[in-house]
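S.K.: Take a look at the letters that make up each chain.
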Amino acid sequence: MANPITPQVFQVLLSLSEGPRHGYALIVDIRERTGGQMDLTPSTLYDALARLSDQGLIAETTAPADATSADSRRRYYQLTKAGHSAAQDETTRLARLLDMARAKNFHA
Amino acid sequence: MYRLLLRLLPRHRRAQYGDEMEEVFAMAMKDAKRRGRAAGLLLWLSELVGVVTFAVRQRLLPLSGGRLAADLRWAGKAVRNQWHSHALSISLLAIAIAANGLIFSAVDSLYLDPYPYPEADRIVSFRNAAAPNGPPFVPRAVIQALVERDDLFEGVVAYATTTIFLTGHAPQRVRAINATPGLLATLGVKPAWGRDLIAADVARVDADAVLISESIARTHFGDPGLAVGRQLASSDVPLVVVGVMPASFRFSEGGVQIWRGVDLNGPLGQARQTYLMQARLRGSISPTAATEALASMPFPSNWRPEVFTFTDRRPDPIRYYALLGAGVCLWLTACANVITLQLALATARRRTFAIQRALGATSGSMVRAALLECGLVIGAAAAAGLTGVWLLLPVLVSSLPASFSVSPINPIDLDERVLAFVLISAITTWMLAALPSLLVASRARLLDVLSSVGRAQTGSRATQWTRQVLTSAQIAIAMVLLIGCLLFTKTYLQRVSIDKGFDATDLVEISVLFPPQSVHLMAQARPGILARIGAHPSVQSTIIGSIPSSGNSPFSIKQLAVDGKPLELEGAYIRVDRVSESYHQFFRMPLLGGRYFSDDEADTSAIVSETFARRYLPGGAVGRRVKLDDRPEVVVVGVVPHARTSEERSLGRQTPVIYTVAATVTAPPVPPAPSPVAPGQRRLAGPAMGFVTVHARLRAIDALPDLLNAVRTEMPGFVVTAESVEAAYRAREWEPLLYAQIMTTFGGVAVLVALAGVYGVVMLMVTHRTRELGIRMALGSTPQRVANLVLGASLKTTTAGLLAGALTAVWLLSWLQSMLSDARASVVLTGALVAAGVLAASLAATWLPARRASRIDPAVTLRAE
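Going down the list, the protein sequences come from chains G and D. Take the first sequence: its position 32, counted from the start at 1, is 47 in this note's numbering, and no numbers get skipped. Take the second sequence: its position 185, counted from the start at 1, is 191 in this note's numbering, and no numbers get skipped.
FYI, nobody ran anything at the bench for these hints, they're computed from the structure. It should be emphasised that the depicted structure is a prediction, and the values quoted were computed from it without experimental measurement. Incorrect hints may have been included.
To be verified - SDA-like cross-link-like pairs, simulated, lysine to any residue; straight-line CA separation at most 20 Å:
| hint | chain 1 | residue 1 | chain 2 | residue 2 |
| --- | --- | --- | --- | --- |
| 1 | D | K571 | D | Y622 |
| 2 | D | K36 | G | A65 |
| 3 | G | K96 | G | A65 |
| 4 | D | K39 | G | G71 |
| 5 | D | K802 | D | L839 |
| 6 | D | K36 | G | R46 |
| 7 | D | K39 | G | R46 |
| 8 | D | K83 | D | A93 |
| 9 | D | K496 | D | K802 |
| 10 | D | K36 | D | R201 |
| 11 | D | K802 | D | A762 |
| 12 | D | K571 | D | K496 |
| 13 | D | K83 | D | Y326 |
| 14 | D | K39 | G | Q52 |
| 15 | D | K36 | D | G194 |
As the list claims (entries may be wrong) - Chain G is nowhere near these chain D residues, computed Cβ spacing over 10 Å in every case:
| hint | residue |
| --- | --- |
| 16 | L49 |
| 17 | Q64 |
| 18 | S91 |
| 19 | I149 |
| 20 | A166 |
| 21 | T368 |
| 22 | T495 |
| 23 | P638 |
What the hints assert, rightly or not - From the structure, some residues in chain G lie toward chain D, with a derived Cβ separation under 7 Å:
| hint | residue |
| --- | --- |
| 24 | Y39 |
| 25 | Y61 |
| 26 | R90 |
A virtual CB, placed ideally from N, CA and C, is assigned to each residue, including glycine.
Could you build all of it, start to finish, from the sequences and the hints given here?
M.R.: Put into structure tokens, the structure is as follows:
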């Protein structure tokens with residue numbers, strides 16, 4: 016990607032890296048992983064999904080075999096190869112930033 | 007509402023994600039509501055911003071190819087350059103948006119959407135068509151027949167209001183409902199925790215299954231989720247909590263916090279003979295069709311069912327339209343002011359627009375720039391206005407009478423409908439405010455601009471005319487609001503100063519509540535309570551009984567005979583009050599004829615109100631013999647003024663009253679305490695509680711708080727309340743006071759804005775005509791005559807506004823007559839007063855421009871040529 020991806024989009028890519036998920040599952044997973052720091056609203060999520068889909072970083076897929084009957088009716092999303100690469104590139108960029116900060120004696 | 011919001015998105019995105027977003031939003035909202043109402047509101051606000059951002063990104067980015075950010079930066083810079091002008095617009099619009107949001111929230115809750123249940127227009131109640139003015143109670147004998155009509159109704163419930171006394175560590179007297187199972191399903195709602203009442207719940211005799219409010223749950227259990235399955239101790243059998251209703255849920259009988267399951271054939275259900283009922287119509291059956299279908303059923307002869315909906319119960323809308331109208335007037339004033347300002351700013355930038363067009367700017371880009379610039383201003387105003395609504399709504403609710411903060415089924419709060427209203431107001435204002443810039447920018451031509459170099463940029467004649475019209479409109483609106491303010495103020499003052507028929511000076515009403523376990527002691531305790539209150543040093547005298555304007559309920563009499571001759575009656579209602587001998591003297595009711603009761607007055611004597619005397623005893627009341635129905639005949643010994651009730655005060659009706667002497671009763675023997683209830687059985691409910699009401703004449707009304715504290719200290723364990731009778735009368739007239747306050751506030755703001763508009767228009771006129779005025783003075787005109795010229799121009803604008811305002815006020819008056827006293831007689835004088843005041847203020851606002859015009863130096867003006 017030409018520009019750094021936003022934190023919200025990066026979290027969506029991280030969630031999808033574990034396997035296909037539907038919309039609400041993404042919101043719950045991101046909220047739990049960030050300890051409530053990032054609580055995506057539906058509009059923010061689907062705005063991000065729309066952009067990722069347009070850029071070919073995610074694609075729609077069918078429900079996994081172990082989905083409940085309610086979940087099986089929902090639309091699932093999964094990472095494409097380009098999405099994996101974008102997530103990896105962003106991780107590398109963030110790691111490089113972290114190294115620069117550590118070099119200046121800033122520590123998490 | 008959410009589906010409506012999604013319409014902001016392009017069609018292909020709605021088709022792609024719309025259903026999913028609705029489902030996910032519903033799930034997220036359910037989660038948020040579990041965390042509290044604030045979390046739900048925050049989610050709505052965040053989603054509002056999110057959907058707008060999503061929509062903007064989807065709609066504008068493809069067209070602008072990424073120039074949106076640059077356009078936003080330019081718009082921001084333009085707003086910053088004129089920040090002082092825009093700050094005034096933002097402030098004014100924020101006030102108008104906040105005021106309208108507050109008013110809409112109240113009107114929406116009280117009138118437009120008072121029943122926020124799913125498909126509320128399918129929920130019906132029943133009343134007796136044979137007695138349409140009576141209360142909508144249904145006899146027990148009829149209830150089962152209605153329940154069995156499942157061809158007409160999907161669910162039918164019967165319920166009755168009651169009071170439950172919670173004991174334990176947090177004693178509480180709670181308004182409650184005894185209801186047959188299925189109440190929540192009929193309303194289409196669910197508990198936030200636990201479940202609804204079911205048939206098996208009402209079979210228990212050792213405990214009552216209940217639904218409780220979130221407030222009760224938090225008070226007694228902390229977390230509402232922990233309340234389900236737990237018990238509450240009450241003065242009767244324990245209450246088992248099966249479900250908790252969210253704080254946002256309200257029932258049609260205001261203030262209910264416990265819903266108790268009841269079997270109509272059980273001991274609790276049999277305690278009442280009539281119930282209220284609600285049902286949900288099946289399919290597409292209408293209330294009229296249901297009424298017709300029920301007409302053929304064999305009901306008791308004095309009861310014919312009529313089915314009516316919630317919306318049939320809505321009050322007269324005129325008072326709510328008046329409120330909305332006042333808010334709209336203020337909003338229009340703010341819009342007119344903003345448009346005038348935008349017009350002035352756009353005119354000043356005409357050269358810039360012309361140069362931009364000459365350099366190749368397209369109409370589309372100029373439209374986008376104008377919209378973005380206005381959007382930033384209006385967006386800031388909307389955000390500030392919404393914050394004002396959120397902060398001031400609790401203040402509004404606390405200033406309303408308790409019946410309006412507790413009773414509305416749809417609480418007066420900041421919900422999605424209020425958000426939508428604020429959004430629509432903001433978008434409409436945005437479109438209107440952007441018009442001047444769009445019009446000026448679209449007509450700006452470089453050649454025209456270059457040819458007018460050196461002249462003051464005050465705009466064309468059309469622009470000036472538009473500004474004058476907008477200013478006149480603001481004056482007209484201010485006049486309407488100020489006339490309304492004075493008329494409502496006059497109505498309020500007339501109502502609170504009306505002759506009550508008795509002297510309420512330093513008079514207080516003290517009520518002592520006896521809970522169920524002590525109510526059998528009430529009669530015995532009365533003399534002691536009277537003595538305790540009477541012994542307080544601030545008390546002059548006391549009496550047990552109601553004030554003259556609120557005695558027993560009037561009843562319909564069938565026969566009235568005067569001096570042995572029966573009178574012709576047509577549905578007459580009379581009130582009969584049994585009072586002590588000193589009653590009329592205690593309340594200082596003047597004698598209009600005859601005498602007061604004496605200390606040993608016979609119980610065959612009566613005192614009548616002047617209404618009774620005028621209507622039934624013409625030619626003199628004293629000494630006449632009166633017999634009502636099968637009551638003993640009495641002799642009239644005196645006539646007193648009619649003591650008006652608050653309802654009579656408003657509607658001008660007067661119910662005749664006849665006072666007879668209550669027989670002196672020695673303190674009755676103490677009845678035995680109720681015997682314990684046998685296991686497995688329920689006590690048939692007797693009176694749940696009782697009040698002893700004492701009226702006391704104080705030496706000074708300021709002593710009321712001390713008196714109340716002293717009585718509470720002497721009677722621990724009892725709920726004691728007290729209020730001034732005068733204050734209670736004033737509190738009943740809250741409506742005209744509220745309207746007077748709103749109109750005063752709005753009218754004050756509107757007139758200040760209008761005066762600022764007058765000043766601006768006249769100052770611009772002086773600037774535009776500086777050359778002309780200089781030439782006039784050079785040719786011999788005096789400064790005074792020049793100043794008069796300017797004042798004349800202001801007079802023209804103001805007079806046009808006053809005339810339009812007066813005509814509008816007269817037209818609106820025909821709608822508001824029912825709310826105002828003597829409106830027609832007052833409007834001419836009131837209008838003249840307001841017009842004189844506004845005219846004087848307008849001329850004062852013109853003083854500075856006129857002074858500037860009178861000081862124009864002709865030599866300087868001509869040298870500039």
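S.K.: For each hint, tell me whether it holds in the structure or not.
M.R.: Status of the hints after comparison with the structure:
Pair hint K571 of chain D plus Y622 of chain D holds up; C-alpha atoms about 12 Å apart against a cutoff of 20 Å. Distance hint between K36 of chain D and A65 of chain G is unfulfilled; the C-alpha atoms sit about 25 Å from each other, more than 20 Å. The straight-line distance between the Cα atoms of K96 of chain G and A65 of chain G is roughly 17 Å, inside the 20 Å bound, and the hint therefore holds. A threshold of 20 Å between alpha carbons decides the hint, and for K39 of chain D with G71 of chain G the separation of about 36 Å lies outside it, so the pair is violated.
Restraint check: the Cα-Cα separation between K802 of chain D and L839 of chain D comes to about 19 Å, which is no more than 20 Å; the hinted pair holds. Taking the CA atoms of K36 of chain D and R46 of chain G, the gap is near 16 Å; set against the 20 Å cutoff, the hint holds. Using a Cα cut-off of 20 Å, the hinted pair K39 of chain D and R46 of chain G holds, with the two alpha carbons roughly 17 Å apart. Proposed proximity of K83 of chain D and A93 of chain D is supported: the alpha carbons are some 14 Å apart, at most 20 Å.
Between K496 of chain D and K802 of chain D the alpha-carbon distance is near 31 Å, which puts this suggested pair outside the 20 Å criterion. Between K36 of chain D and R201 of chain D the CA atoms are separated by roughly 16 Å; this keeps the pair inside 20 Å, and the hint holds. Restraint check for K802 of chain D and A762 of chain D: the C-alpha separation of about 16 Å stays at or below 20 Å, so the hint holds. Between the alpha carbons of K571 of chain D and K496 of chain D the distance comes to roughly 46 Å, so the proposed pair goes past 20 Å and is violated.
Proximity of K83 of chain D to Y326 of chain D is assessed by CA-CA distance (about 42 Å); at most 20 Å being required, the pair is judged violated. Distance hint between K39 of chain D and Q52 of chain G is fulfilled; the C-alpha atoms sit about 19 Å from each other, no more than 20 Å. Between K36 of chain D and G194 of chain D, the direct Cα distance comes to roughly 16 Å. Compliance with the 20 Å bound is thereby established for this hinted pair. A beta-carbon of chain G is positioned within 10 Å of the beta-carbon of L49 of chain D; the least distance is around 7 Å.
Non-interface call for Q64 of chain D relative to chain G: violated, since the shortest CB-CB distance, roughly 7 Å, does not exceed 10 Å. At the 10 Å boundary, the C-beta of S91 of chain D stays outside the reach of chain G, the nearest C-beta of that chain being 34 Å off. Chain G leaves I149 of chain D outside its interface by the beta-carbon criterion, the shortest separation being 39 Å against a cut-off of 10 Å. Its beta-carbon lying about 40 Å from the closest one in chain G, A166 of chain D satisfies the requirement of being farther than 10 Å from that chain.
Against chain G, the non-interface label of T368 of chain D holds: every CB pair exceeds 10 Å, the least being about 27 Å. Every C-beta of chain G lies more than 10 Å from that of T495 of chain D, the closest at about 47 Å, which supports listing it as non-interface. For P638 of chain D, the requirement that its beta carbon stay farther than 10 Å from each beta carbon of chain G is met, with the minimum near 75 Å. Among the interface hints, the one on Y39 of chain G holds; its C-beta lies about 5 Å from the nearest C-beta in chain D, closer than the 7 Å criterion.
Residue-level restraint check for Y61 of chain G holds (minimum Cβ-Cβ distance to chain D is 5 Å; threshold 7 Å). The interface hint given for R90 of chain G is met, as the beta carbon of that residue sits about 6 Å from the closest beta carbon of chain D, less than 7 Å.
Checked against the numbered hints listed earlier, the structure breaks hints 2, 4, 9, 12, 13, 16, 17; every other hint is satisfied.
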